[in-house]
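On the provided structure of chain Y, position chain L as indicated by the hints.
Chain by chain, the residues run as shown.
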Amino acid sequence: MDEKERKQAISPLSAESLQQNGKTVYYIRSVTSTIFGVSAGILGLESYYGFLFYVGGTVFVSLLLFGLLARGRPAEYFTSAKDVWTSNALTGLSSFVLTWTLFYGLVDA
Amino acid sequence: MSFVPTVITVFSLVLLFHAGYSAYEFSHYVKHLAANANATLPVDIVAETVAATALFAFGQVLGANKLKSVAFAKWAKGLEREGKNPFASLEQRPGFMNVRKLREEYASTKE
Chain Y
0 MDEKERKQAI
10 SPLSAESLQQ
20 NGKTVYYIRS
30 VTSTIFGVSA
40 GILGLESYYG
50 FLFYVGGTVF
60 VSLLLFGLLA
70 RGRPAEYFTS
80 AKDVWTSNAL
90 TGLSSFVLTW
100 TLFYGLVDA
Chain L
0 MSFVPTVITV
10 FSLVLLFHAG
20 YSAYEFSHYV
30 KHLAANANAT
40 LPVDIVAETV
50 AATALFAFGQ
60 VLGANKLKSV
70 AFAKWAKGLE
80 REGKNPFASL
90 EQRPGFMNVR
100 KLREEYASTK
110 E
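First to last, the protein sequences are chains Y and L. Each residue of the first sequence is one higher than the last, beginning at 0 in numbering that gives the first Met the number 0. Each residue of the second sequence is one higher than the last, beginning at 0 in numbering that gives the first Met the number 0.
If we strip away everything but chain Y, and leave its shape as in the complex, we get (with noise of 0.2 Å):
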């Protein structure tokens, strides 16, 4: 038994909590990202820096996850401290091309 498993012994998790708190950072990672791509769009991104937007988006939405909704704490609420950072991050990629393109054609006049 390693460190990790006997530490789960000792305190074990709950797996309600766990899969309600992914569904909220699932949600407002896809929502956020939906808006970034339309923002992306708007500011007429092209190639590197669409993406490099994403990223600083994403690193936004990380900081507020981790100030606002878990306050300083992500080892109470998440398996690991930093799921709070790299959980779901890329779930919102394919969204986030789809309304870049869709807005950046629909801004050009």
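If you're looking for bench data, these hints aren't it; they were derived computationally from the structure. Please note that a few of the clues may not be correct.
Below 25 Å or equal to it, Euclidean Cα-Cα: the simulated SDA-like pairs (lysine to any residue) are [claimed, not checked]:
#	chain 1	residue 1	chain 2	residue 2
1	Y	Lys22	L	Glu79
2	L	Lys65	L	Val45
3	L	Lys67	Y	Thr90
4	L	Lys30	Y	Asp107
Here are a few chain L residues that face chain Y, going by a calculated C-beta distance under 8 Å [claimed, not checked]:
#	residue
5	Ser1
6	Lys30
7	Ala34
8	Thr48
9	Val49
10	Val60
11	Leu66
12	Val69
Here are some of the chain L residues that sit facing chain Y, going by a computed Cβ distance under 10 Å [claimed, not checked]:
#	residue
13	Gly19
14	Ser21
15	Ala75
Idealized CB from N, CA, C, for every residue including glycine.
Below, chain L alone, put in the same frame as chain Y:
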């Protein structure tokens, strides 16, 4: 979602729509009216777009469901305060139900 986050989100979407419309108008101006056809997007439209996006993310995170503690002990404590049983799935097992006894009880109440 409560009142304040909804207001923030709606306001940010209005701002984003306005920025998008401005960007469209600017693109139209550059293409059809201006002599100098290679202008970049004005800084106020850029600022409006970025502000609207940041505000939207802020509103969404503010209005999201509260996270729940993943420690089983805390979760169970909260559930028991509500009068529910966190071990219900272990304690109520249909496989171990005494059907004959329940049937007798049912028959006795029927009379």
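Hints and how they fare:
Restraint check for lysine 22/Y and glutamate 79/L: the C-alpha separation of about 23 Å stays at or below 25 Å, so the hint holds. Taking the CA atoms of lysine 65/L and valine 45/L, the gap is near 33 Å; set against the 25 Å cutoff, the hint is violated. Between lysine 67/L and threonine 90/Y the alpha-carbon distance is near 22 Å, which keeps this suggested pair within the 25 Å criterion. Distance restraint check for lysine 30/L and aspartate 107/Y: the Cα-Cα separation of roughly 9 Å lies within the 25 Å cut-off, and the hinted pair is therefore satisfied.
With its C-beta approaching chain Y no nearer than about 14 Å, serine 1/L sits outside the 8 Å limit, and its interface hint is violated. With a least beta-carbon distance of about 6 Å to chain Y, the hint placing lysine 30/L at the interface is held under the 8 Å criterion. The interface hint given for alanine 34/L is broken, as the beta carbon of that residue sits about 17 Å from the closest beta carbon of chain Y, more than 8 Å. Hint status for threonine 48/L: holds, given a least beta-carbon distance of 5 Å to chain Y, under 8 Å.
Because the closest C-beta pair between valine 49/L and chain Y is about 7 Å apart, less than 8 Å, the hint holds. Because the closest C-beta pair between valine 60/L and chain Y is about 4 Å apart, less than 8 Å, the hint holds. Contact between leucine 66/L and chain Y, as hinted, is supported at the beta carbon level, the nearest pair being about 4 Å apart and thus within 8 Å. For valine 69/L, the suggested interface contact is upheld, since its CB lies about 5 Å from the closest CB of chain Y, less than 8 Å.
For glycine 19/L, the interface hint holds, since its Cβ comes within 10 Å of a Cβ in chain Y; the closest pair sits about 5 Å apart. Because the closest C-beta pair between serine 21/L and chain Y is about 9 Å apart, less than 10 Å, the hint holds. Checking alanine 75/L against chain Y by beta carbon gives a least distance of about 7 Å; that is within 10 Å, so the hint holds.
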